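All chains, full assembly: derive it from the sequences and hints.
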Amino acid sequence: MSKYSISAFIAGLIFSFGLLLSGMANPEKVLGFLDLFGAWDPSLALVMGGAIAVGLPLFTVAKKRATSVLGTPIQLPAKRDIDRRLILGSLAFGIGWGLAGFCPGPGIVAAGALKSGAIVFALSMIGGMWVFHLLEKRKA
Amino acid sequence: MTIDWNAFTPFTALGGGVLIGLASAWLILMNGRIAGISGILGGLFDWTKGDRGWRLAFTLGLLAGPAIWGLFHALPSIEIHASTPMLVAAGLMVGVGTRYAAGCTSGHGVCGLSRLSPRSLAATLTFMGGGFATVYVIRHLLGA
Numbered sequence: 001m002s003k004y005s006i007s008a009f010i011a012g013l014i015f016s017f018g019l020l021l022s023g024m025a026n027p028e029k030v031l032g033f034l035d036l037f038g039a040w041d042p043s044l045a046l047v048m049g050g051a052i053a054v055g056l057p058l059f060t061v062a063k064k065r066a067t068s069v070l071g072t073p074i075q076l077p078a079k080r081d082i083d084r085r086l087i088l089g090s091l092a093f094g095i096g097w098g099l100a101g102f103c104p105g106p107g108i109v110a111a112g113a114l115k116s117g118a119i120v121f122a123l124s125m126i127g128g129m130w131v132f133h134l135l136e137k138r139k140a
Numbered sequence: 001m002t003i004d005w006n007a008f009t010p011f012t013a014l015g016g017g018v019l020i021g022l023a024s025a026w027l028i029l030m031n032g033r034i035a036g037i038s039g040i041l042g043g044l045f046d047w048t049k050g051d052r053g054w055r056l057a058f059t060l061g062l063l064a065g066p067a068i069w070g071l072f073h074a075l076p077s078i079e080i081h082a083s084t085p086m087l088v089a090a091g092l093m094v095g096v097g098t099r100y101a102a103g104c105t106s107g108h109g110v111c112g113l114s115r116l117s118p119r120s121l122a123a124t125l126t127f128m129g130g131g132f133a134t135v136y137v138i139r140h141l142l143g144a
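Protein chains in written order, with this note's numbering: chain B, 1 to 140; chain Z, 1 to 144.
To be clear, the hints were calculated from the coordinates, so they are not data collected in a lab. Incorrect hints may have been included.
Each computed DSBU-like pair below joins lysine-lysine, with the alpha-carbon atoms no more than 35 Å apart [to be verified]: (1) B:LYS3 with Z:LYS49; (2) B:LYS64 with Z:LYS49; (3) B:LYS64 with B:LYS3.
Just so you have them, the derived chain Z footprint on chain B, three or more residues with Cβ under 8 Å [stated by the list, open to error]: (4) 81 to 94; (5) 102 to 116.
Here are a few chain Z residues that face chain B, going by a calculated C-beta distance under 8 Å [to be verified]: (6) THR2; (7) GLY16; (8) ILE28; (9) THR48; (10) ASP51; (11) LEU71; (12) GLY91; (13) GLY95; (14) ARG115.
It should be emphasised that the depicted structure is a prediction, and the values quoted were computed from it without experimental measurement. Each residue gets a CB set at the ideal place from its N, CA and C atoms; glycine is no exception.
If you want it as structure tokens, here you go:
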């Protein structure tokens with residue numbers, strides 16, 4: 001494995017530990033946050049807050065650099081438009097998130113914990129991404 | 001709105017959040033890539049030469065997390081109450097939706113907000129709203 005891939009593996013591993021520690025790999029806990037009008041569990045807001053508190057200064061550093069530590073270009077998203085694809089896509093994602101309490105990261109981590117329901121979710125999600133890929137390819 | 005103080009875990013939530021922030025910062029500073037899970041997974045279908053190894057390695061890190069955690073500590077509980085058809089429907093909507101939106105909770109929510117991107121803020125408010133509305137309908141209107 002190249003240095004570049006080992007570095008990506010470490011990032012994925014730390015990300016996974018973060019989701020496990022915060023309880024966000026548990027869809028019941030995520031649904032407790034999304035249940036704003038029931039007995040509300042604000043934990044997810046603190047997870048986002050903690051991540052952004054660290055992310056803000058470090059992404060500011062990244063914005064000022066052209067190349068990464070490993071010598072590759074730093075690729076920050078260039079898109080700025082708030083269009084129909086962004087809003088309708090996010091809406092569909094939000095509804096799916098509310099149905100089961102899984103977003104992509106926690107779905108993969110819980111599948112890694114060999115939870116059968118999470119494996120079903122993750123495979124279906126990857127299937128959905130494949131459908132998107134086919135639709136986009138046909139358009140091109 | 002009533003806060004469920006028994007369920008609220010402020011310290012592990014903050015600590016886990018800090019780890020997620022560090023992992024995202026690691027990937028952008030070391031590899032120059034955004035830690036957006038949906039983008040990393042979806043990009044695997046493009047078969048771009050030289051662009052798949054790191055995506056697979058990152059995903060492997062996510063998958064290996066629980067096993068490595070389990071070597072040192074009992075895994076936190078993961079409770080899934082949704083039925084199989086519900087999980088399939090949820091997966092499809094999350095898969096297609098995040099790809100159209102070009103991001104999910106990590107790419108838009110964590111990385112995008114850390115970059116102070118208005119586009120990511122719009123996405124985050126929209127999927128949060130969608131999630132709140134869906135759980136409201138399921139738990140309080142349908143009573144499931």
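Results of checking the hints against the structure:
1. B:LYS3 with Z:LYS49: With a Cα-Cα distance of about 17 Å, the restraint between B:LYS3 and Z:LYS49 holds, given a limit of 35 Å.
2. B:LYS64 with Z:LYS49: Cα-Cα ~28 Å, so holds.
3. B:LYS64 with B:LYS3: holds, 23 Å
4. 81 to 94: With 12 residues in contact (Cβ-Cβ under 8 Å with chain Z), the coverage given for the segment 81 to 94 of chain B holds.
5. 102 to 116: Since 13 is at least three, the answer is holds.
6. THR2: Holds, because the Cβ-Cβ distance from Z:THR2 to chain B comes to roughly 6 Å (cut-off 8 Å).
7. GLY16: holds, 2 Å
8. ILE28: holds, 5 Å
9. THR48: Cβ of Z:THR48 sits 12 Å from chain B, so the hint is violated.
10. ASP51: Status violated, d = 11 Å.
11. LEU71: Violated, about 12 Å.
12. GLY91: holds, 3 Å
13. GLY95: holds, 2 Å
14. ARG115: With a closest approach of 5 Å, the Z:ARG115 hint holds.
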